[in-house]
Amino acid sequence: MPIEKFKILESECVPLQAENVDTDQIIPARFLKATTREGFGDNLFRDWSFDKNGNRKNDFILNNPRFSGKILVAGRNFGSGSSREHAAWAIYDYGFRVVISSFFADIFKNNALNNGLLPVQVSDEFLTTIFLQISENPKTKIRVDLQTQEITLLSNGQKENFLISHYKKECLLNGYDDIDYLVNLKDEITEFEKKHH
Amino acid sequence: MKAKTLFDKIWDSHVVSSIPEGPDVLYIDKHLIHEVTSPQAFTGLEQRNLSVFRPGKTVATADHNVPTQNQHLPIQDELSRLQVQTLIDNCKNHSIKLYGLNHPYNGIVHVIGPELGLTQPGMTIVCGDSHTSTHGAFGNIAFGIGTSEVEMVMASQCVLQAKPKKMKITIDGNLDKAVSSKDIILYIISKISASGGTGYFIEFAGSAITSLSMESRMTVCNMSIEMGARGGLIAPDFTTYEYLKGREFSPEAENWDHALAEWKELKSDKNALFDKEWNFNAEDIRPMITYGTNPGMGMSITGNIPQLNFITEESRASFQKSLNYMGFEPGSELIGKKVDYVFVGSCTNGRIEDIRAFTNMVKGRKKANWITAWIVPGSKKVEKQAKEEGLESILNDAGFELRQPGCSACLAMNDDKIPEGKYSVSTSNRNFEGRQGPGARTLLASPLTAAAAAVTGKITDPSDLI
Ligand code: SF4
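First to last, the sequence lines map onto chains A and B.
Per this note's numbering, the very first residue in the first sequence carries number 1; after that it's consecutive.
Per this note's numbering, the very first residue in the second sequence carries number 1; after that it's consecutive.
Here chain A stands alone, though its shape is the one from the complex (with noise of 0.2 Å):
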């Protein structure tokens, strides 16, 4: 499906200060029973949301009143574990729309981009900076401007650039997704098979 155009966020953020968070802690496998793409952003962090009779934890970030804002900030090496593209769909769908953290897994980086989920990996020493900032002033603002591929935390002005393949960059300004290029593409592609054995 066609996805959402991404061009500047500014946001708020939510600081989960932990590393190697993995695709099992971001959507627990037993919630992987689904056939739509809706509604994982309920069961979200799910174990570490609620506890075991279905309360919440108030002691975690998302739960936590002061911190809000579409911007998801994590600890070093993100979303490693499954490929389980249901991760991705329930930090969009919680309402996140970017993930800034030092280090992604790379098969995360893929989902999230194919869902106008926007990874943005900064420094370490960056990355620090932002949960100081958040953490003395919950509502510290953070820009990212995908044009110039820059990330701008608001309350100090410091800055940092950010990677993105050119041609991810392309299809998330434009709202365009991979597969309206390959459906494109299928008489080279069969050209190809000819060739190929």
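Warning: the hint list may mix true and false statements.
List of simulated lysine-lysine pairs, DSS-like, C-alpha gap at most 30 Å [as the list claims (entries may be wrong)]: (1) 165/B to 195/A; (2) 52/A to 422/B; (3) 139/A to 321/B; (4) 163/B to 276/B; (5) 195/A to 270/B; (6) 195/A to 321/B; (7) 165/B to 169/A; (8) 139/A to 5/A; (9) 57/A to 270/B; (10) 70/A to 52/A; (11) 195/A to 276/B; (12) 194/A to 321/B; (13) 186/A to 338/B; (14) 264/B to 195/A; (15) 97/B to 52/A; (16) 70/A to 4/B; (17) 194/A to 422/B.
Hints in this document: simulated from the structure, not taken from any laboratory.
For clarity, every value in this text was computed on a predicted model and none was experimentally measured.
Got chain A sorted already, so can you dock chain B with the ligand onto it with the hints?
Same frame as chain A, now just chain B with the ligand:
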């Protein structure tokens, strides 16, 4: 001509076109699908009014979400039943070959591909499952993809993919009797960390690798994803050809000769450059066990969990959180620690060789009475072979039962869940929090170490029982 790695050779020969400053359009020879990550892809396809472009290149199985007992009965859990039924319907509507529940070829997708000869050297193989890397043991490019990419392959038999960097890991030397390929890979991950391979595709080489059986090679490649790598591969050799000869979908007669000639070309050129290289010594590897909540947190089974001052300052909080979850103290040892569950199975260690190794060690011994053990074959064929070889009756005599195939407690989508707070020595591949059930505490190990735990009820060095 420039020297090329095996990975380059296979990749480059599958590039249909390249997007300037973007990914390659990579042609896929074999697409494997299962019930959990395919339904939304089929829906997407239908919403676009597309059909599956090359249905003959896709094979389906039901594995993630199936019970491992009473498979002849309707699936009890309603959502699971619906998911499996959706796969049946989708495969029927799109003319895709399905090896569903109770089919003699059914099993975990990464177990059946190789054992049916669907997996062959030189191919590109994808599946909506990260452990697709398993197939790389046959010298091909195999990697896990997300559901949007599953839809891409259905729509065009291609994925858009940026070419990863290349890493070579060489392990030379002889392995001790108590050390298996699971220990090799846990050892490597403990050295280079759970993210040390991110961005890379790995070629495994060296005498400790080439001396392994195909089953053992698959265990190594299977877990390359656990260091963050897209996949791992091993150049095909005589062991590979022997394994594939005569399998259901292996080439036959003159096609076999033709394929063999091609497969023999599949190796990295002598001077091929890798972006990163690691060398390890097989003699340094002992039976391994994990103590934390990612596969990089592993150690020799007789070792001690690291003290906090060995952990970098930024990682200390995560490390401590992980140990809290596991109920372990920094600096402590695990040997002799009581465990509750033993799980043998998964696409990492659910093949016949694994069931054999486990059975040989428990033979003539008895399961510790407080242990709950789930021995889950990776496929119908493995189950059948275990029965034919008499492994099942040895297991029964020792107090174990052989269940029916599926992913089972590897991801605990079905009823095979480890209860909260319980310790599970598991031959699967992930010890993430809650992976085997909410609150479950997983210790990853080899089938031999699992067997030693199953009969003693404690974490035990398998060397002591050999
Ligand atoms: S056994 Fe585990 S890792 Fe393997 S395919 Fe099944 S769920 Fe995935």
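Q: List in ascending order the numbers of the hints, as given earlier, that are violated by the structure.
A: When the structure is compared with the hints, numbers 6, 9, 11, 12, 13, 15, 16, 17 turn out to be violated.
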